[in-house]
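Engineer: From first to last, the protein sequence lines are chains F and R.
Under full-length UniProt numbering, read the first sequence as residues 1 to 337, first letter to last.
Under full-length UniProt numbering, read the second sequence as residues 1 to 337, first letter to last.
None of these hints come from the bench; they were simulated from the model.
These figures come from a predicted structure and were not determined experimentally.
Take these hints with a grain of salt, some might be off.
Partial chain F-side listing against chain R, Cβ under 10 Å, derived [what the hints assert, rightly or not]: (1) GLY61; (2) LEU131; (3) ARG286; (4) ARG309.
The beta carbon of each residue, even a glycine, is placed where N, CA and C say it ideally should be.
There are 2 protein chains.
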Amino acid sequence: MTGTNTGLLAEGVPQLSAAGVHEARRRLGDRVLPTPVVRSEELDAAAGARLWLKTENLQRGGSFKMRGALLAVERLARAGSPGVVAQSTGNHAIAVAMAARECGMPAVLVLPVDAAPTKVRRIRQAGAEVLQVGTTLADRLAVVDELRLLRGLDVIDPYQDPDVVLGQGTATADLLDGVQAAGGRLDAVVLPVGGGSAVAGACLVTDGSGIEVVAAEPAAVPALGAALRAGRPVTVTAEPTIADGLRPDRIGQLPFDLARHRVSRVVAVEESEIAEAMRLVLTRCRLLVEPAAATAVAAALRIAAEGGRADIGVLLSGGNVETALVTELLSEPVGTP
Amino acid sequence: MTGTNTGLLAEGVPQLSAAGVHEARRRLGDRVLPTPVVRSEELDAAAGARLWLKTENLQRGGSFKMRGALLAVERLARAGSPGVVAQSTGNHAIAVAMAARECGMPAVLVLPVDAAPTKVRRIRQAGAEVLQVGTTLADRLAVVDELRLLRGLDVIDPYQDPDVVLGQGTATADLLDGVQAAGGRLDAVVLPVGGGSAVAGACLVTDGSGIEVVAAEPAAVPALGAALRAGRPVTVTAEPTIADGLRPDRIGQLPFDLARHRVSRVVAVEESEIAEAMRLVLTRCRLLVEPAAATAVAAALRIAAEGGRADIGVLLSGGNVETALVTELLSEPVGTP
Numbered sequence: 001m002t003g004t005n006t007g008l009l010a011e012g013v014p015q016l017s018a019a020g021v022h023e024a025r026r027r028l029g030d031r032v033l034p035t036p037v038v039r040s041e042e043l044d045a046a047a048g049a050r051l052w053l054k055t056e057n058l059q060r061g062g063s064f065k066m067r068g069a070l071l072a073v074e075r076l077a078r079a080g081s082p083g084v085v086a087q088s089t090g091n092h093a094i095a096v097a098m099a100a101r102e103c104g105m106p107a108v109l110v111l112p113v114d115a116a117p118t119k120v121r122r123i124r125q126a127g128a129e130v131l132q133v134g135t136t137l138a139d140r141l142a143v144v145d146e147l148r149l150l151r152g153l154d155v156i157d158p159y160q161d162p163d164v165v166l167g168q169g170t171a172t173a174d175l176l177d178g179v180q181a182a183g184g185r186l187d188a189v190v191l192p193v194g195g196g197s198a199v200a201g202a203c204l205v206t207d208g209s210g211i212e213v214v215a216a217e218p219a220a221v222p223a224l225g226a227a228l229r230a231g232r233p234v235t236v237t238a239e240p241t242i243a244d245g246l247r248p249d250r251i252g253q254l255p256f257d258l259a260r261h262r263v264s265r266v267v268a269v270e271e272s273e274i275a276e277a278m279r280l281v282l283t284r285c286r287l288l289v290e291p292a293a294a295t296a297v298a299a300a301l302r303i304a305a306e307g308g309r310a311d312i313g314v315l316l317s318g319g320n321v322e323t324a325l326v327t328e329l330l331s332e333p334v335g336t337p
Numbered sequence: 001m002t003g004t005n006t007g008l009l010a011e012g013v014p015q016l017s018a019a020g021v022h023e024a025r026r027r028l029g030d031r032v033l034p035t036p037v038v039r040s041e042e043l044d045a046a047a048g049a050r051l052w053l054k055t056e057n058l059q060r061g062g063s064f065k066m067r068g069a070l071l072a073v074e075r076l077a078r079a080g081s082p083g084v085v086a087q088s089t090g091n092h093a094i095a096v097a098m099a100a101r102e103c104g105m106p107a108v109l110v111l112p113v114d115a116a117p118t119k120v121r122r123i124r125q126a127g128a129e130v131l132q133v134g135t136t137l138a139d140r141l142a143v144v145d146e147l148r149l150l151r152g153l154d155v156i157d158p159y160q161d162p163d164v165v166l167g168q169g170t171a172t173a174d175l176l177d178g179v180q181a182a183g184g185r186l187d188a189v190v191l192p193v194g195g196g197s198a199v200a201g202a203c204l205v206t207d208g209s210g211i212e213v214v215a216a217e218p219a220a221v222p223a224l225g226a227a228l229r230a231g232r233p234v235t236v237t238a239e240p241t242i243a244d245g246l247r248p249d250r251i252g253q254l255p256f257d258l259a260r261h262r263v264s265r266v267v268a269v270e271e272s273e274i275a276e277a278m279r280l281v282l283t284r285c286r287l288l289v290e291p292a293a294a295t296a297v298a299a300a301l302r303i304a305a306e307g308g309r310a311d312i313g314v315l316l317s318g319g320n321v322e323t324a325l326v327t328e329l330l331s332e333p334v335g336t337p
């Protein structure tokens with residue numbers, strides 16, 4: 001699982017720190033979009049707090065995963081890699097496929113059999129090979145390891161690769177800058193947790209800032225909550241969730257190591273809350289987000305309702321969503337008008 | 001129709017010029033959101049040109065109409081007005097209602113009987129009175145005139161009021177600044193046409209810049225095209241259109257006077273193109289826009305397909321859309337994946 005690309009002390013591997021994130025931002029330059037930080041009066045009224053939305057649903061490839069993938073693929077390309085392989089529930093795979101195309105490298109992506117069809121289509125559009133296998137992280141990792149051995153491909157781990165974690169951290173760094181530029185200051189930042197790279201990056205960026213890091217996960221797949229209770233990453237039994245991006249049933253070791261000291265709160269969000277948050281963001285903020293991003297919004301609404309936090313940043317992690325799901329959600333009542 | 005607030009030479013009435021728009025921007029200050037200018041690789045690929053989207057669907061009140069309404073209502077409040085009345089297909093009414101609430105003034109809004117229910121609800125939420133009458137501009141103007149005489153209310157005309165035109169022009173001014181800040185330069189800017197205030201404002205802002213002004217209207221309500229052919233505003237027979245914001249069946253005199261010398265092109269967009277553009281913006285750009293904004297996108301796609309224009313700005317005028325319409329549109333095929 002960790003492969004050869006995760007050794008933190010290996011030559012050329014960047015520093016896992018806030019400084020490392022800022023260096024990652026410099027390396028990315030204008031290859032990612034400066035997605036806006038958006039505010040909505042109507043959402044704030046519903047929340048009872050100021051929510052600052054980092055719109056990575058508008059990012060290239062439809063998610064913040066583009067950030068880490070570009071850095072990791074570029075590093076391997078410079079090292080003369082023959083090609084890359086990655087497992088993912090979807091967005092990391094789209095991002096690796098697009099980054100590999102830009103670097104002129106072949107890429108193989110391993111997804112669950114029930115991956116979102118939109119995401120599979122986007123990977124193929126980027127010219128990469130897709131393998132769909134099983135439904136668990138372990139199923140996918142076994143195939144990744146085979147491809148590494150048989151085809152000599154380099155693995156880009158979505159949770160363990162330091163470039164990926166640093167790259168994902170740039171989303172939070174940009175969010176903080178955007179809030180500051182608008183004259184605000186966050187009390188907390190909320191990020192969705194699948195394998196944990198978003199939270200890991202946010203932990204690096206916010207270190208020493210006094211900004212609370214809140215992790216949002218579906219109650220159906222409570223991998224971070226279970227890991228924090230156990231004191232180590234554990235595999236949980238994943239119940240069905242509409243948040244297809246948050247289905248990894250085990251948190252990565254590196255994200256866990258960073259999160260255990262910095263994450264102040266894990267909010268386990270019910271399926272109905274995810275659906276309601278997705279509707280709310282679409283109809284009140286006019287932004288289409290995928291359920292993973294809606295999970296963070298739902299968690300932000302929960303902690304806002306508790307009071308005590310006036311300004312809450314939210315990573316709208318992605319916008320790769322099946323149109324059938326949007327139709328289904330909009331057909332249900334939208335709550336108070 | 002013109003009332004007492006449209007005399008261009010009256011005391012205190014601002015100058016209808018690019019300088020007037022910049023002064024309007026200063027007056028607005030931070031009472032409108034600095035909505036981002038968004039780019040999308042996927043939309044650009046579909047268009048074959050760079051499209052720069054001014055996301056006024058994310059504006060306060062859900063449309064760019066907030067800009068002009070704030071200026072006009074504020075001017076009347078300062079003059080000691082007892083209250084305001086305005087006719088609109090929806091967004092100008094929402095904006096006037098919100099601006100009046102902020103100034104502590106009563107407001108009455110006159111809409112067609114078949115106005116979008118979402119828009120009517122938003123006006124009532126802002127605490128204003130709603131009257132729904134007929135379906136034509138003439139029907140609504142008659143009621144506005146009655147209210148002016150009977151209740152002594154001041155009229156805020158959505159197409160003739162100079163503050164409204166200047167305020168709407170700030171959306172185009174901000175778009176141009178956003179493009180410039182990103183290192184780009186527009187060949188053309190595309191705006192939807194209902195009564196004409198967006199186009200009128202854009203004509204002021206782009207005067208002398210060499211940027212082409214393209215007006216987008218539904219083929220079902222070709223009010224600007226007909227006026228340009230006739231050499232004066234004429235009332236057209238309005239066929240049904242999903243672009244509820246673009247149903248005024250006659251262009252305003254002031255917008256016409258500005259447009260006739262500056263608008264290089266009127267694109268009459270079919271209903272199917274509006275629907276397809278709305279789907280495209282939702283699924284590729286992850287932005288929810290109302291059909292009026294999609295009309296501008298559809299026109300931008302048409303002129304992009306002709307070639308010769310590398311950078312095209314588009315005013316995404318608003319995002320106040322019925323969820324039932326979104327559901328219906330998404331249930332149809334989305335074209336090439």
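Engineer: If a hint holds in the structure, say so; if it does not, say that too.
Structural biologist: Now the hints, each set against the structure:
1. GLY61: 8 Å, holds
2. LEU131: 20 Å, violated
3. ARG286: 4 Å, holds
4. ARG309: Constraint on F:ARG309 not satisfied, violated at 22 Å.
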